[in-house]
Each structure stands twice: as structure tokens, then as C-alpha cells.
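Residue numbers (this note's numbering), protein chains in the order written: chain A, 259 to 604; chain B, 12 to 378.
Derived from the structure by calculation, the hints contain no laboratory data. A portion of the hints provided could be inaccurate.
[As the list claims (entries may be wrong)] Sample of chain A residues lacking proximity to chain B, with all beta carbon distances greater than 10 Å (derived): (1) Val276; (2) Leu365; (3) Cys547; (4) Thr585; (5) Gly587.
[Stated by the list, open to error] Derived Cβ-Cβ restraints for the label pairs, each shown as a range: (6) A/His406 / B/Gln59: 26 to 34 Å; (7) B/Ser339 / A/Arg383: 43 to 51 Å; (8) A/Lys423 / B/Gly342: 32 to 40 Å; (9) B/Arg276 / A/Pro329: 54 to 62 Å; (10) B/Arg264 / A/Arg430: 57 to 65 Å; (11) A/Pro329 / B/Gly342: 37 to 45 Å; (12) B/Gly342 / A/Lys549: 32 to 40 Å; (13) B/Thr263 / A/Pro329: 39 to 47 Å.
[Stated by the list, open to error] Chain B residues, not near chain A, derived (Cβ > 12 Å throughout): (14) Ile57; (15) Asp81; (16) Lys111; (17) Asp304; (18) Leu309; (19) Arg369.
All values derive from a computational prediction rather than experimental measurement. The beta-carbon is built from N, C-alpha and C at its ideal position, and this holds for glycine as well.
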Amino acid sequence: MDLSGRTCPLPIQDFPLVVLGHGGGGKLSAELVEHLFLPAFGMDGALGDAAVLQVGEEQLCFSTDSFVVTPLFFPGGNIGELAVNGTINDLAMMGGKPLYLSCGFILEEGFSIEELSRIAQAMGRAAREAGVRLVTGDTKVVERGHGHGVYINTSGIGLIPPGRKVGPGRARPGDAVIVSGPIGNHGMAVMSVREGLEFETTIESDTAALHPLVELLMESPEEIRALRDPTRGGIASALNELAAASHVSIVLEESLIPVDDSVRAACELLGLDPLYVANEGKLLAIVECEKADVIVKKLRSHALGEGACVIGKVVAEHPGLVGMRTTLGATRVVDTQIGEQLPRIC
Amino acid sequence: MKYLSEFRDPKLAGKLLDEIREMVTRPWAVMEVCGGQTHSIIRNGIDQLLPKEVELIHGPGCPVCVTPLDMIDRALEIASKREVIFCSFGDMLRVPGSEKDLFQVRSEGGDVRVVYSPLDALKVARENPDKEVVFFGIGFETTAPANAMAVFQAAQQSLGNFSMLVSHVLVPPALAAIMESPESRVQGFLAAGHVCSVMGYEQYLPLAEKYRVPIVVTGFEPLDLLEGLRRVVRQLEEGRAEVENAYPRAVTRKGNRPANEMLERVFETSDRSWRGIGEIPQSGWRLRTEFADFDAALRFSVSVRTREPSVCRSGEVLQGILKPPQCSAFGKECTPRRPLGATMVSSEGACAAYYLHRRLEEPVPWT
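Could you put the whole structure together from the sequences, leaning on the hints where they help?
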């Protein structure tokens, strides 16, 4: 297919300038990728968390992610382990065993060397614990006022062992949807610090490298259809992408979705919906229905998957949509969010 | 969890629904006034569970939706000024003015900040003495006391670089306007719990009497809403038209006295135009002359030319005459991605609630 003559089918003329929502992981981000980047790069097709590359006999996966979180330090971690775990997780969600990472730092003039050291230590620790090596990097400094302390980009390479086939387009009607634990902790941990909100208990980020959980799941790779780590945009956005890529509908059961009390309370206070709040140490798995209970048990045997449970299923009706049966027994649609979630007025 | 899970119990909800089903004998149209209630109803699917005789009409109580377009254009103009730090509640940032929204002003270089309280804006003003800090003071009686307090404190602290763009609206005159409208089918009201927690429910007594309409002060959780509905339906079936308080854990007859004193001190009632509805006499608050120095509308002379999208029918939606899917633009020209009216933007807007949660003709299958 010749893509050289392809132009942007939908000029983004109603947004002549980049708005924050373009980085929010919702519809605006998707439009930017679909209508601006992909045509410009001559690319086409479904995008997973990482690219899968055939190199000789081996299947590799390759991914990159940039980290611009504010604040840099938050309960449960800092930007350093987030940058390492985030890229590891993108590789793991394609069934890959993460091997090597690169890291690029963009530092702001005047940033504290002591804090930078703490961030670097956290990166080293996270990589060691994950059995992954940081092998190459780059540092740039921008003038004071042109950055926010530190931005980090990490890229990673992993190896996909033979026999593993996961991808966003493989969900089938009848499959079960599993989440590995309570949702929304990372987003609310960061937001609580950012907005100076204090709750009875401190909400900690769930940042973690998820490949050990994936390795457990891959003991029987044929049972696993798709994996996602629901980061920006939360499980709602991740499931919408899965539903669209697989041309199926996903139906959630509200009463089954695990949310910690503290996270729920914080969300209520700010008028946010935990379904849309970011996670950094949780995975969603679409699995063969008959095996769902065994898989949940397997996940629960690991500390990272203690709270694993089935939260919904895949159906054929209304392809591309995510629906939910509410606690009261009614139904509703769970849409992708447009840009950022906005705190309510009252 | 305290005050949350108790009010979402599916068993108790089932009991309330059974009671409503047993007592209802004919069709009734009940308006929930507040957008927060609309959102909770649609999100939890309460309207799907009610007997078909009970129809919910969604009211005008979405502060973002009823803020008039010229006021939003004014805000956009002020926010674009180089010397201004413009502070607003998050919801307002995506509400379209005639040309753009506050997010776009921000991407063009405007200093637009989301705050959780007008008092945070005061702090911004203290920290940036060389800047003009403007807070967008919109909303119903719920947000008004904190806004009044911010202006009062700014005056006390002689904070000359702080001002507020005030566009406050009041619930009772809107209910009267709805009952006066020949098109209105409303037979009972769920009054907005949060508004009443500030103002009390005494001011609704004359309305219930004059228009022979039951008004039940109602909260926002599923059980609150079902209890409010149960009481309205019971009154309608028994031919009564009284004010009842179904939200006693937050609302008293007189409301919050210190808050009311602060409101009285800083604001005075004025005529106010509502987006999509038009002018309603004595339905808003403006700053008293004594606080005119802090009125952003006077401090910044901006001229705006407003242009409302002709196809948008949010006015009828806000008056409960039209359900969102009945609008020809709904889900087509008008989506949360490209909203034509504020009702498609705010998390409390009826159109957004329908678009987000209710786009299917038939329910999602769950077997």
C-alpha cells in the first residue's frame, strides 16, 4: 500500500494550537496520533502498547514513553521508578520479557542535584528489581523556566518468547475481563499531593513492574487474548481501545470493580470517576472465559495481583462500545474521556 | 464508607422502588432541579428502574450550562489579557464561548488556572502582586458563600489586584419561571440538596403554595434520589403540594446562617439572563456597590460580540421541554469533543450525561 500521497483526512482545524487534552490519553490524544502522526510517518494499522518486530528468528518488542508527572515525588514513589516501570509494563503487555532500557533526561537549569540523585537511585533500584538493565542514555539541560525540573523519556526492548500472541485486536465474545487489583491509586496519589488535599489515610501510588504477573499468565499463553496496563485515562480508556480494536463490546459489572475506600472518597470529593483515573501497577487481561477463575487464582498468588478479580465480559452486540451494569441493576455506557478529567464546580 | 456506601445499597434501593411502584396510579412528571442529580440519575440508571408512570424531567441546575454566553466571552477576553491570571473551577475551562474556550486561551499563552476554591485565588493574588488575579464567580447558591467570603476577605486585606467576574444564579426564581411557562409539564420538584444546605428550604414554601406543586429537598446518592421521588409521588397521589425535607443530614429549614449573613453582606439580587432560557427577573446576585472595586466586569472594559450556534437547543433541554436525544444535533454535530452548547460540556450537563452514559437504544446485554 502506497502511503506517500496520503494527507491528513481530518485537519485538526478547530484546535490550531496544542491543548493539554492532546496529552491526556483520551480522544484528543488518539486524534493527534491517528490524523497527524500516522499519516506523516506513513504508518497504518492498530497500535498496541509496544511495537512487535521480527528480527531473524526472534520476536522483539520495542516501546517508548515520556514522563512529565507533577509533582516529581509522591506517596509510593517518584518520577524515576515510574519511568522505569512504565516502559517495562508497555513491553510486558505485548507478552514481552523486558531486557534493556534507555533513558533520556531533560533537566531544567537550577534543578536540585540531590533530588536528581534520588530520582536516579530510584531508577537503578527499580531496574535491578525488575531484572532489566539501563544501557544507554542522554542528558540535556534547558534554561530555567523552560521545563519543570526534570522530564524523563525511557525506551525499552524486550523479547517475546515463541507461542505468545497477545494484542489489542484479539478479544472475542464470551471472554472474561480481569483486573489485577484496585484501580485509581496512582492518579489519586499524585492528585492529592498536587492539589494539597489531605485525607485520613495517605493514598499511595501503585507503581510497579508488572512483567512477573505477565509471566504467571504466560504459563498458558493460549488462554490470554489481550493485556493492557490502564495508565492515563484509566480502565475506561484502555477497555474502549480494546473494544474498538477487537470489534467487540465490553460489559462491566460495577459492583465487581475494586476501588479502595480512600480512592473512592477522594474521587467523590473532586467529582472524578475512578474508571478514568490513572494506574501504574495494574493490568487488564482479556482471557478465555472458562479459564477465568483459574487465572484469577494464579494472579492472586502474587503480591502484585492480590486484588485480582473478574470485572466484566466481552459480548458481540454494539461493537466498539464499553457498557456497565450499575450497582442498582441498570445499564450505562462507559465512554472514553475527551481530554483531561475536570474537577466539578460543586 | 461513611455517608457513601450506605446510600448506594441495592437492596434498600429495591425496596424504595417497590414502594413507588405500589403507590403510583397514573403518569407524573417530576423535575430534578440540580445537574448533579441528573448526572447521578443517568449514571446509576435510576430512570430505567422507575415505573413507566414516573417521568423525570431534567432541570436547569447546571451552573456551567446556564452561565450566559456574553459572560463567558467576557471571561475569555479578560483571561487573554497579558496582566491577568484567570482562576476558575475546572468545569468552566471547556465551555465554548462564541469563538473558543479557556483551554484554548491557555494554549495561546493566557495564564488560566484551575482552583478548587475562590480562596485559593486570593492566595494567588497575594503571591503575584504585580498581576491582576480574576476569579470566575459562577454558580448557584451553593458556590456563592465562598465567593462572597473571597470578596469580603479581599476587601479586608485591601487586596487591590483581586477581582471577581460574578454571574451567580438563584434556584427559586427559576422554579417560578418554569411553573409560569405554558410549555412546562412539571408536576413536582426534587429541590437541590446542596443549594438548600446553604439557603434552607423556607424560601420554597410560597412556591409550593402558589403553584400547587410538591417540592422535596433531595440529595444526590441513589437512595436519596429514590426517597425524594417516593415522597413527591406520594404527595402527587394524595393531592398534596407541600415542601418536605428528604435530605435532613445536610439541610435545615433556615440553612447555614453564617453563610447567609456573608451572602447578604456582599451580594444583592439582580435580574440575570440564563443561557438558553433568557432573562429571569431577580434571579441572580451581583456585588453590592460597596464592593464594586472588586467587580471584574467594571475593572476590565471588554467588548464582546456573542454568537450562539443556531442549531443548539440547550435552552429547551434546560427547561425540561426537550430530552437531549430529541435534539437533531445530539451525537452528530454536537458531541463532548465538539460541543455546541454548555449542556454537552459540563459533567452536570444533561446532554453530556446522556451522551456519556445513554447512547444505546436498547440496554447493554448482561446475561
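Whether the CB-CB distance between A/His406 and B/Gln59 falls inside 26 to 34 Å: violated (45 Å)
Range hint 54 to 62 Å (beta carbons of B/Arg276 and A/Pro329) holds or violated: violated (38 Å)
A/Pro329 versus B/Gly342 beta-carbon gap, inside 37 to 45 Å or not: holds (39 Å)
Separation of A/Cys547 from chain B, once the least beta-carbon distance is taken, above 10 Å: holds (13 Å)
B/Asp81 and chain A, when compared Cβ to Cβ, separated by more than 12 Å: B/Asp81 is indeed farther than 12 Å from all Cβ atoms of chain A, at 20 Å.
Least C-beta distance between B/Asp304 and chain A, which was stated to exceed 12 Å: holds (26 Å)
Whether the CB-CB distance between B/Arg264 and A/Arg430 falls inside 57 to 65 Å: holds (59 Å)
Non-interface claim for A/Thr585 versus chain B (Cβ beyond 10 Å): violated (6 Å)
Interface-negative label, A/Leu365 against chain B, beta-carbon threshold 10 Å: Holds, because the least Cβ-Cβ distance between A/Leu365 and chain B comes to about 24 Å, which exceeds 10 Å.
No chain B beta carbon within 10 Å of A/Gly587's: violated (7 Å)
Non-interface claim for B/Lys111, where every Cβ of chain A lies beyond 12 Å: Given a closest Cβ separation of 9 Å, the condition is violated.
Distance restraint evaluation - A/Lys423, B/Gly342, Cβ atoms, bounds 32 to 40 Å: The hint (32 to 40 Å, Cβ to Cβ) holds, given that A/Lys423 and B/Gly342 are roughly 36 Å apart.
Of the numbered hints listed earlier, those contradicted by the structure are 1, 4, 5, 6, 7, 9, 14, 16, 19.
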